[in-house]
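S.K.: Residue strings, one per chain:
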Amino acid sequence: MRKVMLFLFICFLASCSDDNEPVLVDNSIPQGAFNVQRIGPFVDQNGAGSAGTASLGTDSQGTSFLAFDQLFRTALATGTVTVFLSTSETFMPDPANGNPNLLLLGPVRNAGINFFRIPDGTNTSKYTHVILWCGSVGVPFGYAAIR
Amino acid sequence: MVLFTLGVCEHTNAQSGWTKEKGEGFFQTSFQTFSSDQYFTLDGEVLTTNTFHQQSIVFYGEYGVTDKFTIITNLPLQTFNGFSSTETVSGLGDLRVEFKHSILKKYLPLAISVAPELPTGKANNFAKSKINDFDQINLPSGDGEFNVWTTLASSFALGEIPFYGSIFGSYNYRTQYQGLSFTDQIAVGAEIGYQIAGKVWVNVRLNALTSVDEVTVITDFVRGDGTEYTSYSFGAGIPIVKDFNLSLNYRNFNDWIFSRKNIYSAGVLSIGIFYNLKPNLQ
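If you're matching them up, the sequences are chains A and B in order.
With this note's numbering, the residue at position 47 of the first sequence is 47, and numbering never jumps.
Start counting at 1 in the second sequence, then tack on 1000, and there's your number in this note's numbering.
Be aware that one or more of the hints could be misleading.
Far from chain A by the CB rule (all over 10 angstroms, computed), these chain B residues [as the list claims (entries may be wrong)]:
#: 1; residue: 1028
#: 2; residue: 1039
#: 3; residue: 1045
#: 4; residue: 1065
#: 5; residue: 1105
#: 6; residue: 1114
#: 7; residue: 1180
#: 8; residue: 1201
One-sided and incomplete, this derived list gives chain B residues near chain A with beta-carbon spacing under 10 angstroms [what the hints assert, rightly or not]:
#: 9; residue: 1057
#: 10; residue: 1222
#: 11; residue: 1254
#: 12; residue: 1258
Source of the hints: derived by calculation from the structure; they are not laboratory data.
Note that CB positions come from ideal geometry on N, CA and C, so glycine has one too.
Next up, chain A with everything else stripped away, as it sits in the complex (with noise of 0.2 angstroms):
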C-alpha cells in the first residue's frame, strides 16, 4: 500500500511541475512590428473593383511580407485570385525559363487584411509591382506599382 502511496504522490508532483504551455507562432502573419519598405496603391483594371494598398516590409524577426491593408478588395466572389510580385505592372509568364518575372505568392481570398510570407532567401529587389491575376478566365484584375 505504501509503495502505491508512493507512486501517487510522484505522479501528483510530476503532474504540477511548471513546464511552460507550448507557445504556438503564427508564421503566415508578421511577428512583432511590421517594418514598411515599399508601397502602392492598387490600380483596378476589367471592372474587378480592386482597391486599397499594398505594402513589401520586414517584421521583427526579419521575414518579409507583402501585406495588403484594410481597404483591400477586388472580385473575389467568382474565382481564385492569384497574387504575383512582378517586375512591371504587365502579367509576363514565362514557366519554360522559371517565369523570372514572376514570384508567385499564393490565392488571395477575404478582403481586407493580408499577408503573404515571401520564401526566405528571396530577393526581391527586382520585383516592381504586385499584380492580382485571375488564373481561370486568364485576365488582370489590377495591380499596384510598390515604391
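Since the structure of chain A is provided, determine the placement of chain B on it from the hints.
M.R.: Just chain B, lined up with the frame of chain A:
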C-alpha cells in the same frame, strides 16, 4: 435565367402574340454550343481571355390549356461550362415556367405572359484549374436567384402568304443571391418568318437586352449582372416525318441596339428536334 455573361442559355425561342389552341402543343429538345475568347467588360472594352466554352441540352415546351391560355416551360437539362484553362463542370439549369394569356386573338394577336424562373440549377459549380491546383472558378449552371419575366408580344400573319412577324417587350424583375442584388433587365425583340415551298419555315430574329440600372463594378460576373447586348439569329424548321421536325439556329451578337457588356461574344449554334402536337387534326 442563366446568362453566364453570354446569353446562350437564355430563352431563345420566339415571343409571339399567339397562344396555342386548346390541346395543341410544341415540344423541343435542342443542343447548343458556343465558344469564345472575346469578353466584353462592363465598360464595353474587349478582352482576349482564355477560351470559354458552353454546351447545353435544353427542353422547351408549349401547351394550350385553353384557346387563350398557354403554359410554356424551358429547362436546360444539362449545361456544360469550362475554360480552356479549367476542367468542364456541368449541372441542371434554372426552370422557367411561363403563363401566357391571349388578350387579342383574331385581328391583332396580342398576349401577355408572366414567367417565373426558379433557381433549380447549380448556383455554385467550381471548375478546377488545369494549371494550378489551388486555382478554381465558379461556373454555375443556374444563377441562384428567383426572377420573373413579364412579356407583352404582338404578331401578324398574312392570310394567303405564309409570312408572319412578331415584336415583344419584356421586363425581368431580378432579386438576389446570397446578398448580391441584381439589377432588373429590359428585353426587346422582333422576328419575321416565311415558309418556303409550303414545307420549311425560316426566320430571322433581332433581340436586345439592357440593364435598368448601370452596373459599374463586377460583383459576381457569372450571374449576368449588368449584361447587355444585341443579338441576331437565323433559324429553320425542317419537317422530318409526320409532326417531327429538325430545328437549326445560328445566333450571334453585336452592338446595334445595346452595346455588348459583361458578355462573351461569338456565334451560337443550336440543333434540335421538335414535335407539333395537333390533336384536332388526328
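S.K.: It remains to establish, for every hint, whether it holds in the given structure.
M.R.: Taking the hints in turn, this is what the structure says about them:
Non-interface call for residue 1028(B) relative to chain A: holds, since the shortest CB-CB distance, roughly 32 angstroms, exceeds 10 angstroms. For residue 1039(B), the requirement that its beta carbon stay farther than 10 angstroms from each beta carbon of chain A is not met, with the minimum near 8 angstroms. The beta carbon of residue 1045(B) sits about 8 angstroms from the closest Cβ of chain A, which is not more than 10 angstroms, so the claim that it is off the interface is violated. Residue 1065(B), annotated as away from the interface, keeps every beta carbon of chain A farther than 10 angstroms; the closest lies near 41 angstroms.
For residue 1105(B), the requirement that its beta carbon stay farther than 10 angstroms from each beta carbon of chain A is met, with the minimum near 46 angstroms. Listed as a non-interface residue, residue 1114(B) keeps its Cβ farther than 10 angstroms from every Cβ of chain A; the least gap is roughly 30 angstroms. Residue placement check: residue 1180(B) does not keep its beta carbon more than 10 angstroms from all beta carbons of chain A (closest about 7 angstroms). Listed as a non-interface residue, residue 1201(B) keeps its Cβ farther than 10 angstroms from every Cβ of chain A; the least gap is roughly 39 angstroms.
Hint on residue 1057(B) is violated. Least Cβ distance to chain A is approximately 24 angstroms, over the 10 angstroms limit. Below 10 angstroms, beta-carbon pairs count as interface contacts, and residue 1222(B) has one with chain A at about 5 angstroms; its hint therefore holds. Hint on residue 1254(B) is violated. Least Cβ distance to chain A is approximately 21 angstroms, over the 10 angstroms limit. Restraint check, residue 1258(B) versus chain A: the minimum CB separation of about 17 angstroms is more than 10 angstroms; hint violated.
Hints 2, 3, 7, 9, 11, 12 from the list above are not met by this structure, while the remaining hints are.
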